[in-house]
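Let the hints inform the model, and build the full structure from the sequences given.
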Amino acid sequence: MQASHLLLEEPIRLASILESSTPDELLDDSQILQLQFAFTTTGDPLSGQDRVDVKLSVAPAPPRDPSQPNPKNAFSSMTKIIGTLGPSSRDVETIEKLLNAGMSVARFDFSWGDSDFHQETLDNLKKAVRNTRKLCAVMFDTVGPELQIINKGEAPINLVVDEFVVLTPDATQQASSTTLPVNYPELASVVKPKDTIFVGQYLFTGSESTSVWLEVMEVQGPNVKCLVKNSATLTGTLFTAHAAGVPVGLPTLSDFDKEVISKWGVKNSIDFISLSYTRHAEDVRQARLHLSKLGDLYQTQIFAKIENIEGLKHFDEILKEADGIILSRGNLGIDLPPEKVFLFQKAALHKCNMAGKPAIVTRVVDSMTDTPRPTRAEATDVANAVLDGADGILLGAETLRGLYPVETITIVQKICAEAEKVFNQAVFFKKTVKAVGEPMAHLESIASSAVRAGTKVRASVIVVFTSSGRAARLIAKYKPSMPVLVVVIPKLTTNHLRWSFTGAFQARQCLAVRGLFPMLADPRHPAESSTSTNESILKVALDHGKAAGIIKAHDRIVVCQKVGDSSVVKIIELDAY
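When we follow UniProt numbering, the leftmost residue of the sequence shown carries the number 1, and every step to the right adds one.
Hints may be right or wrong, so weigh each one.
To be verified - In silico DSSO-like links for lysine-lysine, alpha-carbon gap of 27 Å or less:
1. Lys126 / Lys225
2. Lys570 / Lys421
3. Lys421 / Lys351
4. Lys225 / Lys192
5. Lys320 / Lys346
6. Lys421 / Lys134
7. Lys491 / Lys267
8. Lys431 / Lys421
9. Lys134 / Lys430
10. Lys570 / Lys552
11. Lys126 / Lys267
12. Lys134 / Lys351
13. Lys570 / Lys126
14. Lys346 / Lys357
15. Lys313 / Lys267
Derived by calculation from the structure, the hints in this document are not laboratory data.
Encoded structure:
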């Protein structure tokens, strides 16, 4: 197969498959030992009858300073991992482990839990960030037009295959094995016999024992009578319902979402909004309009979550408006025939890559909600997402309520790192340049040149100075094989009532883009300041890279920065540093 047909470096060395991903991957610092050998030779070495006595002494390795970053865990993969925090992952100790394992964005799902619950979790995240010295962005996932079933009694509901259950808009009804109250009064008017409805707490593909597949049999006034297609036990207080291929006439940004953003979001300066069930570009525009009225949240980025047929039909126009895309394969995998899901993923990722917009893939290791290892198919799925050009992997139930949240992020990070080793960056670069066409915009030309220079001189890192993050995202668009250190220079702005610095949002938002690793510079130094100032900031960036273990003596570094009115790409060697 030609390499040009696959974003895969060929041929893959078979021996590399047998190599350990990380030699000391199973050891923490307390387990690493120093081995000392003492050799004593006796006898006649020329006769071949000599004897070698070996004495082995074992001693603990010197303890590592916990205040310093651990090179083993720094920049371990270019692909970003978004973890959903919840009951299994909300205490400080667990969040610290998640950050050390590779989580760069924490997602808060308000489909369940109140603001106080999520505030406590976020406060714990802030403590973990301080303790680990690892930056982490915050993503708020909207509820949107989600169909919900409330189980007020909280008792488990057993649904048996081939029996009937009625979905009713009557909120006074108690959820049971025969009746499920749904929050959408118009459900009976939009579904028809033979339609499919899935119900579950989080995973509802119909293959788990915790979610159920229903087939609509008949509409009885406001109620919908359904046939149970698989036996399942629904547990918890809230279940999500999804009617496959059925348009729901509820607003994308609900009143509940607006209230949470206006209060909890403003208080916590959220970096991203995951706009659930995005169906039209206008949905993104309305969400952005709402954010523009909420102080600093005008800087919050909107990631459109594509999870139904409507969103798929309007994908191109949504991509133009959104800051990024989340491919929600859970719901969309229900709307689409199974044989079409991979086509959607590959087409959508290609469009995002060519547009330079970050793309996040969901629902990759569902089995790790209950097991410590992914299936073979899931492991391959993660790798294929990376080879397709995904910027990040989003984990939902696996970290929210799963039994192995830390192990999940650890394994996904390792799979991503292995896939990145064989990603064919040369082919991807050529395709991207061709798609951009000529003449290139000035900044696009500079960004592509920086990546090309980094490849040609085999640079260990690319360092880019930016205020808005745009230059860094353009560099990331070409998927360089080396990390990109993003030095975000804060910018002083005013709304005529007060002065404030931008930069913190822009730095954290790099954490959702493949290959970008941000750091915030001293706000007293503008991005186009004097050469001496830029040199001092560059030294700080390089020292950070050295501490992280990605830069060493005599490495070549590509630097992209603005000098006066000109954008400059330069190559330096580290003899002077």
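Restraint check for Lys570 with Lys421, where alpha carbons must lie at most 27 Å apart: Holds, because 26 Å separates the two Cα atoms, which is no more than 27 Å.
Restraint status (C-alpha distance of Lys346 to Lys357 at most 27 Å): Roughly 15 Å separates the two Cα atoms, so the pair holds.
Agreement of Lys134 and Lys351 with the hint, judged by alpha carbon distance not exceeding 27 Å: Outside the cut-off at roughly 31 Å; violated.
Hinted pair Lys313 and Lys267, Cα distance within 27 Å: violated (36 Å)
Lys126 paired with Lys267 [C-alpha distance capped at 27 Å]: holds (13 Å)
Pair hint outcome, Lys320 versus Lys346 [Cα-Cα no greater than 27 Å]: This hinted pair holds, its Cα atoms lying about 18 Å apart.
Lys570 paired with Lys126 [C-alpha distance capped at 27 Å]: violated (37 Å)
Given hint Lys421 paired with Lys431 - CA-CA distance at most 27 Å: holds (19 Å)
Pairwise hint evaluation, Lys267 against Lys491, where the allowed Cα distance is 27 Å at most: holds (22 Å)
Proposed proximity, Lys225 with Lys126 (alpha carbon, max 27 Å): violated (47 Å)
Satisfaction of hint between Lys430 and Lys134, Cα-Cα up to 27 Å: Distance ~34 Å between Lys134 and Lys430 Cα, so the pair is violated.
Given pair status - Lys552, Lys570, alpha carbons within 27 Å: With a Cα-Cα distance of about 18 Å, the restraint between Lys570 and Lys552 holds, given a limit of 27 Å.
Checked against the numbered hints listed earlier, the structure breaks hints 1, 9, 12, 13, 15; every other hint is satisfied.
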